[in-house]
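Engineer: Quick note, the sequences are listed as chains C and G, same order.
Quick note on my numbering: the first sequence kicks off at 1 and runs consecutively.
Quick note on my numbering: the second sequence kicks off at 1001 and runs consecutively.
It is worth saying that the hints were derived from the structure and are not from the lab.
All C-beta atoms, glycine included, are put in the ideal place defined by N, C-alpha and C.
Among the hints, a few may not be true.
[Said to hold, decoys possible] Now the stretches of chain G that chain C is said to cover, found in silico as 3 or more residues with beta-carbon under 8 angstroms:
| # | stretch |
| --- | --- |
| 1 | 1030-1042 |
| 2 | 1061-1068 |
[As the list claims (entries may be wrong)] Reference listing, derived: stretches of chain C covered by chain G, where coverage requires no fewer than 3 residues with Cβ under 8 angstroms from a Cβ of chain G:
| # | stretch |
| --- | --- |
| 3 | 144-158 |
| 4 | 334-346 |
Residue strings, one per chain:
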Amino acid sequence: MPAAVADALAASALPPVTVNILTGFLGSGKTSLLKRLLARPELRDSAVLINEFGEVGIDHFLVEEIDDDVVLLKSGCICCTIRGDLKEALLDLDRRRAAGRVPAFGRLILETTGLADPAPIVATLVADPALRHHFRIGNIVTVVDAVNGERNLDAHPESVRQAAAADRLILSKIDLADAWTVDLVERRLAALNPTADRVRLDESRTPDVSLILDDIHDAEARRGEVARWLASEPGEDHHRHGHPDVNRHGGVRAFLLTAEKPLDWARFGLWLSMLLNRHGTEVLRLKGLLWIRGVDTPVVVQGVQHLIHKPVHLDAWPDGIPATRIVVIAQGLDPATVQRSFTAFTDPQARAGRPGETLERHVGG
Amino acid sequence: MGGDEAMCGLCGTFGAADHWTDGLGEGAALSPSAERRRRAAVANEVLALYGLKLTEWANRFTLTGRTGKSAVVDQFGAVWAEAERLTGRTCDPLDPAVIEAMEARQYAGRRG
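Whole structure, please, built from the sequences with the hints as guidance.
Structural biologist: Structure (structure tokens):
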């Protein structure tokens, strides 16, 4: 049997590797965060995929060179560069893992370039038939620089898309910015992506590894994650901070879709498929808890742009009350129209002509 | 995630043969072909607006237009790309005319 085939067969027998995407605009502090995280023993079984070793400046971590583009770090982590195609880099690393040519790892941290949109990376992992059985997406961690974050969000759509896609928003360099600026950037991030956990980071604080480790795919962390999404629901009064100005984020805003009666799963799937087929690139993030007719437990659905992750179950309603609540972060879509369409498609008993109540969160200071 | 699959029986993503819309809710209790027929019936409420019809066929779906043009669709999520290809029209759930048509259908359903 050829070695490549043997490696591929061995790889298919291993449990899937959780992939965390670490993103953030140029100079935001991704590498600094990564180096501090990799020093933590909890992440010893991690592999790291980066674009260039030189960019990361990881030399002092390096203890052993395995081959041209794979090194073993002092922490036990494997570090590997992406020189070309991401899919090939992932498959190659997975084959090495299966064949025992690199130490076994259960997690992979993928550091993007500063100008990356995380969505195509998620798409590569979730939709590619060769990858989707070997890898699963974990938290998307986005670093935003407190000093330059405001300017980057205004000037660079990539920065907005990175923040919108995040499960964790890390506000870096807070010791280099004044308190007013830090608050302003944090408020903008809260309005842009209310479902993401926000963490302030300065040089004196060691980041908590739960940034990486606790995610929706872990049954133990799932309930807490969903509870936070729901607690972040639009409805909190962000208008008090000033006149809403959605154009500051290029028309990106977060809003809530609701249904008070159980949904027919087929109708919901049809509607969301239709919405994402036409508006997938405008739906930057979607996270929701669904009350499905015929299903006893709440169903969690989440997606990035046109990709929907495999829905999972919670064992109970976070507040004990069944209801469908979906937080959508979208660019250029009118929340009232989306809610009206959602109701019209999914609730066959709804009263005609009555748009559902939409609680909207405007983006802006 | 293996536990999730066993509990839910639902997996898949866009771009794959199995799809996230498969097999949850009331349809999960039906036989696979009956479940596909039920979902096709739901889809046809919307597809009729575009002169299209979805039918269950040999573990798949067939999407057919009024002129007889047709396409085979493996999973629910692929319906819309094929619908747009067959009709040359965009299928937009946020189109006010589409929303009004769906609301009118609901209203008729309530009265009927």
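Engineer: Does each hint fit the structure? Answer for all of them.
Structural biologist: Structure-based check of all given hints:
Evaluation of the coverage hint for the stretch 1030-1042 of chain G: fulfilled, as 3 residues show C-beta separations to chain C shorter than 8 angstroms, against a requirement of three. Coverage of a stretch by a chain is defined here by at least three residues with a beta carbon nearer than 8 angstroms to that chain's beta carbons; for the stretch 1061-1068 of chain G and chain C the count is 0, and the condition is violated. Residue count for the stretch 144-158 of chain C with a Cβ under 8 angstroms from a Cβ of chain G: 0. That is fewer than the three needed, and the coverage hint is violated. Under the rule that three or more residues need a Cβ within less than 8 angstroms of chain G, the assignment of the stretch 334-346 of chain C holds, with 7 such residues.
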